[in-house]
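Asker: As a plain string of letters, each chain reads:
Protein chains: 2
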Amino acid sequence: MLSKSTKYALKAVLFLAVNSSENSKVMVKDIAKPINVPQAYIAKLLQKLSKENIISSSRGPKGGFYLSEGDRQHSVLSIIIAIEGEKKLTNCLLNLKKCNEFKPCPLHNKISSIRSELLQSFGEMKIDELSQEIKAAQAFLPL
Amino acid sequence: MLSKSTKYALKAVLFLAVNSSENSKVMVKDIAKPINVPQAYIAKLLQKLSKENIISSSRGPKGGFYLSEGDRQHSVLSIIIAIEGEKKLTNCLLNLKKCNEFKPCPLHNKISSIRSELLQSFGEMKIDELSQEIKAAQAFLPL
DNA sequence: GACAAAACATGATAATAATCATATTTCGGA
DNA sequence: TCCGAAATATGATTATTATCATGTTTTGTC
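So the sequence lines, in the order shown, correspond to chains A and B. As numbered in the working numbering, residues 3 to 145 make up the first sequence, in order. As numbered in the working numbering, residues 3 to 145 make up the second sequence, in order.
These aren't lab readings, by the way, just hints derived from the structure by calculation. There's no promise every hint is true.
As the list makes no split between identical chains, a pair holds if one copy fits it or if it spans any two.
Unchecked claim - Pairs of lysine to aspartate or glutamate, EDC-like flavour, derived with a Cα cap of 20 Å: (1) Lys35 / Glu88; (2) Lys27 / Glu88; (3) Lys100 / Glu54; (4) Lys64 / Asp32; (5) Lys27 / Asp130; (6) Lys46 / Glu86.
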């Protein structure tokens with residue numbers, strides 16, 4: 003459903019949401035281990051997220067990755083899109099290029115409403131909100 | 003969302019639903035071209051579907067693939083599962099092995115209802131029904 | 001029963017996604 | 001202003017998925 007990279011990225015961002023701030027940055031190696039993702043790989047993903055302004059970073063000593071207040075307002079959807087692009091989420095279930103609302107493939111109508119619900123739901127999930135839930139121990143981030 | 007293989011398989015089955023019957027079987031090469039999928043590849047997928055009893059086949063001259071009446075009662079879900087396995091559809095959005103209802107990851111609750119709606123929807127879509135819609139030109143299967 | 005037409009089976013290659021490795025740039029602190 | 005700690009950039013390797021190729025078995029027809 004979501005690619006491995008996207009899942010990694012989401013875990014990393016949630017980890018940062020809970021464990022970082024403007025004046026308490028976290029280095030890659032201190033992110034990789036707790037979320038159980040290969041360090042070099044998550045490093046690449048973090049750089050991508052940083053370039054897309056989903057997360058913040060600073061170089062040099064005392065540097066690292068963190069979420070600014072603004073970053074915390076991003077949605078899960080924006081992370082998914084940053085990593086795997088918009089098309090994966092929205093193109094036809096059967097990969098029919100000509101499938102659309104007016105000339106739908108057989109699956110189109112049946113799932114289009116559910117799909118847009120799902121997308122909307124991803125769009126409404128803000129990082130900030132999710133991290134609150136983790137902090138309140140209503141949600142968990144193990145392994 | 004769905005793998006390429008799954009999309010190919012779905013197209014092929016729908017094609018058979020519309021263009022085959024017990025006494026009018028279709029050879030791989032006559033399936034591959036209209037649904038625009040590499041012949042050798044769809045051949046492999048068809049064999050798998052046949053082995054899983056999603057579609058029917060017979061060898062030798064006058065042989066080919068087709069859907070029996072029983073085959074037509076299968077759901078889209080059963081095809082997805084036959085090709086990519088059950089786990090892909092049901093495991094945690096973040097790949098957390100320990101994520102479950104009682105100790106949910108932050109995304110779990112938010113999408114679990116939508117996800118089960120989607121699965122249910124896939125489960126309710128019967129091949130027969132979809133092919134009716136194609137025949138009635140309420141749905142289309144181009145490219 | 002021999003032949004040829006089809007699915008079936010198996011393995012090889014190519015493309016893409018995931019993982020690893022290393023060199024370069026930036027920046028705080030002595 | 002120089003050193004080292006960090007992100008950044010780039011490329012190489014591995015694993016997985018998709019694609020291609022070729023040989024084997026079954027079965028209808030003559």
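Asker: Under a CA distance limit of 20 Å, which applies to Lys27 and Glu88: within one copy, between copies, both, or neither?
Answerer: Close neither inside one copy (30 Å) nor across copies (40 Å); limit 20 Å.
Asker: Between Lys100 and Glu54, at a C-alpha cutoff of 20 Å, which is it: within one copy, between copies, both, or neither?
Answerer: For Lys100 and Glu54, neither the intra-copy (31 Å) nor the inter-copy (31 Å) Cα distance is at most 20 Å.
Asker: Tell me, please, which holds for Lys46 and Glu86 at an alpha-carbon limit of 20 Å: within, between, both or neither?
Answerer: For Lys46 and Glu86, only the intra-copy Cα distance (14 Å) is at most 20 Å; the inter-copy one is 28 Å.
Asker: One pair to classify: Lys27 and Asp130, alpha carbons no more than 20 Å apart. Within, between, both, or neither?
Answerer: Within one copy only: 17 Å inside, 57 Å across.
Asker: Which holds for Lys35 with Glu88 at a C-alpha limit of 20 Å: within a copy, between copies, both or neither?
Answerer: neither (29 Å within a copy, 29 Å between copies)
Asker: Should Lys64 paired with Asp32 be assigned to within, between, both, or neither, using CA atoms and 20 Å as the limit?
Answerer: Within one copy only: 13 Å inside a chain, 64 Å across chains, cut-off 20 Å.
Hint compliance for this structure: hints 1, 2, 3 are broken, all remaining hints hold.
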